[in-house]
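There are 2 protein chains.
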Amino acid sequence: MAGSNTPITAGWFFFLFTLVGACCGLLYTVFQGDGEPLVASLAFSGIAFAASYCLICWLGDEFKRVGFKGRDRSKLDRKEIPETMGAVCAVVYLMVMIVFIPFPFYEYFYVQTSGGGNRDMTVEMVETGRKLHRFPHNKLGEYLSALLSLQSMAILGIADDLFDIRWRHKLFLPAIAAIPMLIMYYIDFGVTNIVVPLPLQAYLGEMVNLSWGYYAYMAAIAIFCPNSINILAGVNGLEVSQSIVIAAFIAINDLLYISVKGHPATDSHLFSLYFLLPFLGVSLALWCHNKYPSKVFVGDTYCYFAGMTFAVVGILGHFSKTLLLLFIPQIFNFLYSSPQLFGLVPCPRHRLPHFNARTGLMEPSRGQFIHPPRWPISVALKTLAKLGLVQIWTDDNGVVLEYSNLTLINLWIVRFGPMREDKVTLGLVGLQVVCGVLGLFIRHKAALLLFPYDNLKLQDFEGLGLPVV
Amino acid sequence: MAGSNTPITAGWFFFLFTLVGACCGLLYTVFQGDGEPLVASLAFSGIAFAASYCLICWLGDEFKRVGFKGRDRSKLDRKEIPETMGAVCAVVYLMVMIVFIPFPFYEYFYVQTSGGGNRDMTVEMVETGRKLHRFPHNKLGEYLSALLSLQSMAILGIADDLFDIRWRHKLFLPAIAAIPMLIMYYIDFGVTNIVVPLPLQAYLGEMVNLSWGYYAYMAAIAIFCPNSINILAGVNGLEVSQSIVIAAFIAINDLLYISVKGHPATDSHLFSLYFLLPFLGVSLALWCHNKYPSKVFVGDTYCYFAGMTFAVVGILGHFSKTLLLLFIPQIFNFLYSSPQLFGLVPCPRHRLPHFNARTGLMEPSRGQFIHPPRWPISVALKTLAKLGLVQIWTDDNGVVLEYSNLTLINLWIVRFGPMREDKVTLGLVGLQVVCGVLGLFIRHKAALLLFPYDNLKLQDFEGLGLPVV
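Chain order of the listed sequences is A and B. Just so it is clear: in the first sequence, position 331 is 330 by numbering that gives the first Met the number 0, and no numbers are missing. Just so it is clear: in the second sequence, position 82 is 81 by numbering that gives the first Met the number 0, and no numbers are missing.
Think of the hints as simulated: they come from the structure by calculation, not from any bench. Be aware that a few hints might be false.
[To be verified] Listed below are the simulated DMTMM-like cross-link pairs for lysine to aspartate or glutamate, each with C-alpha atoms no more than 25 Å apart in a straight line:
{"#": "1", "chain 1": "A", "residue 1": "63", "chain 2": "B", "residue 2": "79"}
{"#": "2", "chain 1": "A", "residue 1": "422", "chain 2": "A", "residue 2": "71"}
{"#": "3", "chain 1": "A", "residue 1": "68", "chain 2": "B", "residue 2": "163"}
{"#": "4", "chain 1": "A", "residue 1": "63", "chain 2": "B", "residue 2": "163"}
{"#": "5", "chain 1": "A", "residue 1": "74", "chain 2": "A", "residue 2": "362"}
On a predicted model such as this, the values are computed, not experimentally measured, just so you know.
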């Protein structure tokens, strides 16, 4: 069992050492200068990368010892490797985010205090009318509640990896973890109005108040993001790669807003970046170990954690619709999977593609009909097969016996033929990138067909008095 | 292995059902009335009790399956029973505390909002000069940071129970978990002045600013409370019982303050009660299963979690010195243990008392000298033995061969003779109660010899303008 720890090579050691040194240097300049939080966040992300990389190397054997281990079914040797390494990333991430707490609020620290009261009351006394100097407790509250939600998700994810919670139960774990964030939204913001798309404004007016429906919507986002990443999984490196791509696109969208000087949503998008940069740090470290051929597995913890991070920044940053545009492959995969998930057609225990040991290539895995399917199912499958959206295997009478499992991964292999595992991941990540570009395009160009303004353009936005959605 | 789950008897089922019903009724009155948070807290504590009780019953086999199990060394059959059940309590507690978030702030909810901004800014607009209507974001921040610390402690505690972290490492886990709370203290309160005791005021003045020393002090409290409970353990039910007694005494102290109408520290002590009542709820449920003869073990998770709860309320409630007065047995046990903890005399792997299978009684366990001890150690042990504070076993030449392990539990058995396990627990819990009464007496009566006022008395306190310490 011993010897499963990955040694850190001299090259990596040198790189990590240099990286941490550079990050410490960056932090030093932050402390010397006017405390630019984004630079501090970048430095912490580098440190988080190094810490995660090393810990994943060092903890492999320990994880296997306590039972966090699994066999890679798509390899010839089916070696047992450590699992649930996402928990390491989650813990490192949370620690970095906790230490980072003071930085976004640094600029408010120079307020004179009279010594003895809390800052809020003191500031009120010395307030000179400039809103800038009021300590933004509501932002701090949002930050803390986001951390609480992510930490809850980490605990529940670890519990899931430990106890193998049943599928229909674990679907709702993210909803539990989202409670701190939703409660904080209720206490501190409470805006449940949404802007009505132009074609519907004649019937509904410009804005409509969804009331508790908006909370249901947010809970649905929180449930969807983690679970959709969790079900688009099964080939080496895919969970981490797709998360990295999504995080990168959200970050790009954030940068678009931040680059518009004086944009009212700057704070929300800075907030989003503070959460995403360290996430990219720990995820890249995990990717180095999880990429084909995987030396560790990420576990449900990582999928939940990653999805929850996106849900948190999307909800608290008020860009949940943009977020969904970056989840196009996941949404497709969910819809495509739904006949199996909801039991319309048989769903085997594992739906990951089948490894052909002779060719070394991945082939579509199959769902089997024990009894011949009823005619609507049969017709639907045959139609999909004609459209090239599923592969079916029939007997001599044309009765469907087997069909390729309804996941995006299998579909990819059905369309492009058997291929090596790393090529599958590469293809799907490429698809994610294409969809991301498309999503941002829709958000900032095509959305003008549906909404009266693109809130990225300050001149369109100002004076409307509408919330940034 | 199956069948280790404890069935819920009909009597218990009826009791729990009634309890939850009554609590739901209480919650209903809270929603109907003016939302008294203390009543809501009481109701949630009852629900937390019922939930913990049931989950501990139901999850026994699952916990054993994943390796959370241990043998009771002080029983004839040495049966394997589930361990780390404190994790269940911690998770239930955290969920209840998260759902409870809006209640303490309910009174601020009736503030008119203009719909579209956050409450803080809105309130400023409609503010009429009454401070009461300002949303207390700093209190909310304290609450959230306390939850973050407790949740971090739960994660690290579970990691400890899972991976058996080394003694010298795990000592500092609570310091890591305390970071959110300390950072929040830094951001939001930042008071590092302490009142100087009367005899020293001639030299130091009335107040002294400890600056970063105060943070070191708070971190020390956070390290001490969890670890001191963790090392006063080893007989069935002791960890939970002592925690319940300490929590009850802090709650009594809180009630003393709250009963003084208009006391400036009312909010801090209400805050403390909100954290302690659900803690008492989950702890009593755990106690029902952990009391002699134990059906489950609590794990390090519980000890850490309990200690951290006390540290959190003590630090954020600004009564850390009072807190230490309630930890007298733990402080004594720590000092008494220190020669073994710091390696002055040999320390065996386990120091829990020895179970004599023939008599069924607990006897002091022994540390052994492999080489004869050096003379200062020998003299010290013999002196302690004459004072009745340790039992020693010598050879014919008077060289100390063995000595009773230096824990309060062993000392109790040395003083009062071998006794059954439950009697040991009962005696030590009795001692904890006596010390608690003594501690509160010192705090509110004898402290007047050292400090210029007892801050419980409003007339002594008002006009001094001093922080509540």
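Each hint tested on the structure:
1. Of the supplied pair hints, the one linking residue 63 of chain A and residue 79 of chain B holds, its CA atoms being roughly 23 Å apart against a limit of 25 Å.
2. For the suggested pair residue 422 of chain A and residue 71 of chain A, the alpha carbons sit about 17 Å apart, so the restraint of at most 25 Å is met.
3. Restraint check: the Cα-Cα separation between residue 68 of chain A and residue 163 of chain B comes to about 18 Å, which is no more than 25 Å; the hinted pair holds.
4. With a C-alpha separation of about 14 Å, the suggested pair residue 63 of chain A and residue 163 of chain B falls inside the 25 Å cut-off, and the hint holds.
5. For the given pair, residue 74 of chain A sits about 13 Å from residue 362 of chain A by alpha-carbon distance, which is consistent with the 25 Å threshold.
The structure is consistent with each of the numbered hints, conforming to all of them.
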